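Protein sequences, first through last, are from chains A and B.
Oh and the first sequence: position 133 is 453 in my numbering, straight run, nothing missing.
Oh and the second sequence: position 167 is 213 in my numbering, straight run, nothing missing.
Hints were generated in silico from the structure; no laboratory data involved.
Be aware that one or more of the hints could be misleading.
Keeping only pairs whose Cα atoms sit at most 30 Å apart, straight-line, the calculated DSSO-like set for lysine-lysine is [stated by the list, open to error]:
#: 1; chain 1: B; residue 1: K66; chain 2: A; residue 2: K391
#: 2; chain 1: A; residue 1: K412; chain 2: A; residue 2: K357
#: 3; chain 1: B; residue 1: K183; chain 2: A; residue 2: K442
#: 4; chain 1: B; residue 1: K207; chain 2: A; residue 2: K357
#: 5; chain 1: A; residue 1: K442; chain 2: B; residue 2: K174
Just some of the chain A residues that point at chain B, by a computed CB distance under 10 Å [as the list claims (entries may be wrong)]:
#: 6; residue: E327
#: 7; residue: T330
#: 8; residue: N354
#: 9; residue: Y394
#: 10; residue: H425
#: 11; residue: R429
#: 12; residue: D430
Source: prediction; values computed, not measured.
We put the beta carbon where it would ideally sit given N, CA and C, even for glycine.
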Amino acid sequence: MEPIQLEPTTTTPRVIIDPVNNKFEISGESRPENTSKFFTPIVNWFSEYKSVLYYQKNSLGSSKKLSIDFKLDYFNSTSAKFILDIFFQLEKIKSEGYEAEVVWHYDNRDTDMKESGEEFSKLAPGVPVRFVGF
Amino acid sequence: MTQIEAKVAYELHKFMDDRKIIMSFLGDLNHKVVTSILISVKRLLSMEEADFLVKKKLYAVLVECLDNITKHNIANTEGQPETNKNPSTLFTLSLEEDHFKILTGNYIFNSNIESLSSGIEELNGLNKEGLQSLYRKKLLESKSEGGGLGMIDISLRSGCKFTYEIRPMSDQMSFFILQAIVNK
Chain A
321 MEPIQLEPTT
331 TTPRVIIDPV
341 NNKFEISGES
351 RPENTSKFFT
361 PIVNWFSEYK
371 SVLYYQKNSL
381 GSSKKLSIDF
391 KLDYFNSTSA
401 KFILDIFFQL
411 EKIKSEGYEA
421 EVVWHYDNRD
431 TDMKESGEEF
441 SKLAPGVPVR
451 FVGF
Chain B
47 MTQIEAKVAY
57 ELHKFMDDRK
67 IIMSFLGDLN
77 HKVVTSILIS
87 VKRLLSMEEA
97 DFLVKKKLYA
107 VLVECLDNIT
117 KHNIANTEGQ
127 PETNKNPSTL
137 FTLSLEEDHF
147 KILTGNYIFN
157 SNIESLSSGI
167 EELNGLNKEG
177 LQSLYRKKLL
187 ESKSEGGGLG
197 MIDISLRSGC
207 KFTYEIRPMS
217 DQMSFFILQA
227 IVNK
C-alpha cells in the first residue's frame with residue numbers, strides 16, 4: 321500500500337503513514353477547512369491495511385505490530401469524529417487478531433488533551449491506549 | 047483624513063479600550079480569515095501571563111466560537127432572503143481582570159430561534175458529567191458536519207454557562223449574540 325506523508329500546515333497536522341518502516345504518526349494542530357476530505361483517506365487507509373496484515377501473517381508467518389502515535393497540540397470538534405474513526409479502525413484490526421495500539425502523547429500541563437485521549441479510549445475499549453506525557 | 051473620520055477612529059478606539067476589548071472583527075468570516083485571527087490570538091497569548099491550560103482552553107473555545115459563526119452565517123446559506131443586506135458576523139475578545147470574554151454575533155433565520163435557544167438552555171442546564179455523556183452520544187452519532195459537538199466542547203472546556211440574546215431585525219431574521227467566558 322502507498323504511504324501517506326503530509327507536512328503540517330497551520331490548520332492540518334503532520335501525517336506519517338509509512339508501512340515499510342512501520343511508522344504511523346498524526347501530530348500538530350487539526351482544524352482543516354474540509355475535515356472529511358482531509359481525514360477520509362487516512363481512515364480508509366487503515367481499513368484497507370487489514371489485507372496487508374493478513375498477508376504478512378499468513379505468508380510471512382507473523383504480522384508487524386501496528387502502533388499509531390497521536391501527538392496533537394489541538395484538534396477541533398469536527399476532527400474528533402475522525403480521530404475516533406481511526407481508533408475504531410485499530411479496534412477492528414485488533415479484534416481480528418493482529419497486534420495494534422494507540423500511543424496518546426500529551427503535554428503534562430494539558431490535562432484537557434489527556435482527558436480527550438481517555439474519552440476516545442472509553443469509546444473504543446478494544447484497542448489498548450498507552451498514555452505518554454511529555 | 048478629515049477631522050470627522052479621525053474622531054470616529056479615536057472614539058472607536060476609546061470605546062474598545064474602555065471595554066477591555068483586545069481584538070475585534072466585523073465582516074464576512076471564512077476559514078482563511080479565522081486562521082489569521084487565530085494566528086494573532088496565539089501571538090497575543092504568548093505575551094499574556096496566564097496559565098498554560100487556560101490559554102489552551104481559550105484557544106479551543108475561540109476556534110469553536112469562530113467556526114460556529116462561520117458555518118452558521120446565513121449569507122452562506124442558499125435561499126437567503128433578499129432583504130438580508132447586512133450578513134456581517136461580529137467577534138470580540140476582551141481581557142478582564144480574572145477572565146477572558148468572547149462575544150460573537152451573527153444573523154439567523156427566525157425559524158431557527160427555537161431550536162437554537164432550546165439547545166443552549168439544554169447545555170446550560172447540564173453539569174460536567176451530563177455534558178460529557180452528551181458529548182459521547184453526539185460524537186458517536188455525528189455526521190461529518192459535527193452536529194452540535196462544538197457548543198458542547200465550549201461548555202466542557204470553559205466550565206461556564208453561555209449568555210445569549212436574540213434581537214429581531216425583521217420578520218425573517220434576527221441577530222444572535224452569544225457570550226462565552228474562560229476564567230483565568
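So, going through the hints one by one against the coordinates:
{"no.": "1", "hint": "K66/B with K391/A", "result": "35 Å, violated"}
{"no.": "2", "hint": "K412/A with K357/A", "result": "22 Å, holds"}
{"no.": "3", "hint": "K183/B with K442/A", "result": "12 Å, holds"}
{"no.": "4", "hint": "K207/B with K357/A", "result": "33 Å, violated"}
{"no.": "5", "hint": "K442/A with K174/B", "result": "17 Å, holds"}
{"no.": "6", "hint": "E327", "result": "16 Å, violated"}
{"no.": "7", "hint": "T330", "result": "6 Å, holds"}
{"no.": "8", "hint": "N354", "result": "9 Å, holds"}
{"no.": "9", "hint": "Y394", "result": "6 Å, holds"}
{"no.": "10", "hint": "H425", "result": "15 Å, violated"}
{"no.": "11", "hint": "R429", "result": "4 Å, holds"}
{"no.": "12", "hint": "D430", "result": "6 Å, holds"}
Checked against the numbered hints listed earlier, the structure breaks hints 1, 4, 6 and 10; every other hint is satisfied.
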